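K.L.:
Once you've looked at the hints, dock chain L against the given chain F.
In order, the protein sequences belong to chains F and L. Count along the first sequence starting at 1, add 208, and that's the number in the working numbering. Count along the second sequence starting at 1, add 208, and that's the number in the working numbering.
Source of the hints: derived by calculation from the structure; they are not laboratory data. Computed from a predicted structure; not experimentally measured. Don't take each hint at face value.
It does not matter which identical chain is meant; a pair holds if it fits inside one copy or across any two.
Derived DSS-like pairs (lysine-lysine); straight-line CA-CA distance at most 25 Å [stated by the list, open to error]:
id	residue 1	residue 2
1	Lys543	Lys485
2	Lys519	Lys605
3	Lys538	Lys310
4	Lys407	Lys519
Protein chains: 2
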Amino acid sequence: MSIATNDPSNAFIEHFDLPPLCEGILDGLKFTVKDNIDLAGYRTSYGSPTWRDAHVAPVHNALCVDQLLAAGARCIGKVVADEFTYSLDGESFYFGTPRNAKAPDRVPGGSSSGSAASVAGGFADFSLCTDSGGSIRVPASLCGLWGMRPSLHRVSEAGVLPFQPSVSTVGVLADRFDVLDRAMRVLLNEHTTNIPAPKHIVVLQDALEIADPAVRGQAETALQQIADRSGITLEPVSFAEIIGEDAPLNACNMEGLRDLQTAEFQSTVGNWIEACKPELGATFAMAYENVRTFDRVAVLDNIANCEHLFKRINAFFTEDTVVCFPTTPKKAPLKGSLNTLEAVMEFYDPTMTITAFSGVARLPEVSAPMLTVEGCPVGLSFVAGHYQDAYLLNALKTLIY
Amino acid sequence: MSIATNDPSNAFIEHFDLPPLCEGILDGLKFTVKDNIDLAGYRTSYGSPTWRDAHVAPVHNALCVDQLLAAGARCIGKVVADEFTYSLDGESFYFGTPRNAKAPDRVPGGSSSGSAASVAGGFADFSLCTDSGGSIRVPASLCGLWGMRPSLHRVSEAGVLPFQPSVSTVGVLADRFDVLDRAMRVLLNEHTTNIPAPKHIVVLQDALEIADPAVRGQAETALQQIADRSGITLEPVSFAEIIGEDAPLNACNMEGLRDLQTAEFQSTVGNWIEACKPELGATFAMAYENVRTFDRVAVLDNIANCEHLFKRINAFFTEDTVVCFPTTPKKAPLKGSLNTLEAVMEFYDPTMTITAFSGVARLPEVSAPMLTVEGCPVGLSFVAGHYQDAYLLNALKTLIY
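The following block holds chain F by itself, in its conformation from the complex (with noise of 0.2 Å):
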């Protein structure tokens, strides 16, 4: 194992200092970097030894790492991801699980979860990570950090493993909503003025009626603060409201994302395990038994779907809208409780249902630290349409500071 040595927050894969290339609007700024985003001369593991070890050092830094080094920022080292990113709880079979600095005893989340662990932890003003199902937004909302997810193709994905193509996407988990603010516009290659400020504060009640009740009453405390503050009404909108069609919040996930995730899954990690028979850690290997018997041509309605919500979804979202809710519907689980199928579903199932709304809709989503849940963090989401990265990052501005 080569994880590093004296790491409190147990995140580190391995230490180092790249420095920045340039001066720039991240200067001073230290990151981490997840560990499925090439990182020149270390070898990626995507979560697996057996994978490092059957691939070369790549030669050159990930896109969206030069430009975060050639924005000021330096980079302090490479962070744990879960095997091959198919997780949300970050508790890895080989390295371990990140430290949760807020709420020890319970997991960072993931797939993100070194990423979030150096953040928390206080060693890193931001991380390098990637989003699909939720891997930015859930350790997010279970460390207490800001993160964004981007519309989905935004940022470059060149040096990043290839995972779910038509859903992944790399952003930033963050200390700092300023930090989250500048580091994504480097990204996002951001420089758009003339933005409108946000009018309607969309509130998805589907979202509020599958969180826990205390993370609903949290969230809807924080949401009339805003509106207190901003002068403008809640609006509470159903899901079938959103779309014009008789549907549950639950359609985005188990009539499109979750097929088109798994069919996608396949012809990218899922072909090279078939072929080299890695070992694998339990967990992964309980999921990945789906994902190896899944028959995609089954569901091929399900996902053409995909391509129906996310043109509904996006005729809702005007210039000046976010939609609401809380980025997960119930606290960090307690380490190691997630070893039995029915803790799994009782996780994965409603948060999932709440992440796969940006996901099938290929939105942006930014996860803020607002909500405390029995001394626990919780994150309250904002999204808004497709390519409105930049609103998104204003509107926040205007609507939390």
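P.N.:
Chain L only, in chain F's frame:
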């Protein structure tokens, strides 16, 4: 060499017969698959025997292949791609030059050279292939076929080898418009109804000026016929008018896309080449030397400019606009003539100036086989706004039939 025998098209790597998985709107149609797209049980070569031998056969088809098989089409073979799909000419050092049936002494164009030859030669109704810098559009133009590059990331890339993630698309070459239309609708999961009719036929003047006089003359005649028949007045517009800034069309290529493509190619194929030092064909080796020594950090401003150009170009489109221009500025070069730097530049520079328009703006483009220049085919291109793929197909039906 594993080139199929008894193949007058010189297009096939392997002949086989994968029957349809279901009945559907592609019943009775035969297709080929470019050799950078996975077919279960066959090694994918990426146009490079060294790559092929270094990788195992995939267990799963690419998702896009399964979509076509499930819609009633039959897959009849794997066809030649240029080395690492990094070329527009279609003369493979390893697999030879697939036959341009309508201009047999000329190159078929690349990198989807085998795709074009298998369709132009009458062996397949359509071919599943990819386009980043023009790899569908250029062979469509030079071989007299229909070709569509969809909006960026509208078709799943799971099981398609990573190339230039911010630019690459999966699309189709076909012998008839109705085949292109049906195959693309399957890949796009597109069932939109209530599509507006085209009202604005915009003619991009910069592209006409770059084109050879004979190509320009033919394009102007064909466009006038479309205008006369449809009753829609042609609107000549310069690129500067489209983006509202004083810049030539070549800004898309030279102040944006080409640098983004080179940087992203470093991180995908480049890393592998540097690690494995494979044998490289002479032409590719020459091109790759520029990739290897490319300083991406020095051009990050150009890469960022892609986002700016995307926004400006897309702001020009309404829901009833098509922008038209010759797909390529020239007819196909003679086989074997692209053997000096001067000849290569004379073909590539004006071609990529035109193809970069849709590339940088992530737009759908269809090349229609409508021009004949000195006995050779040349395509006429139609471009619509981002994600207006269904509108574009519909507009062509209205304008051309």
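K.L.:
Failing hints, ascending?
P.N.:
1
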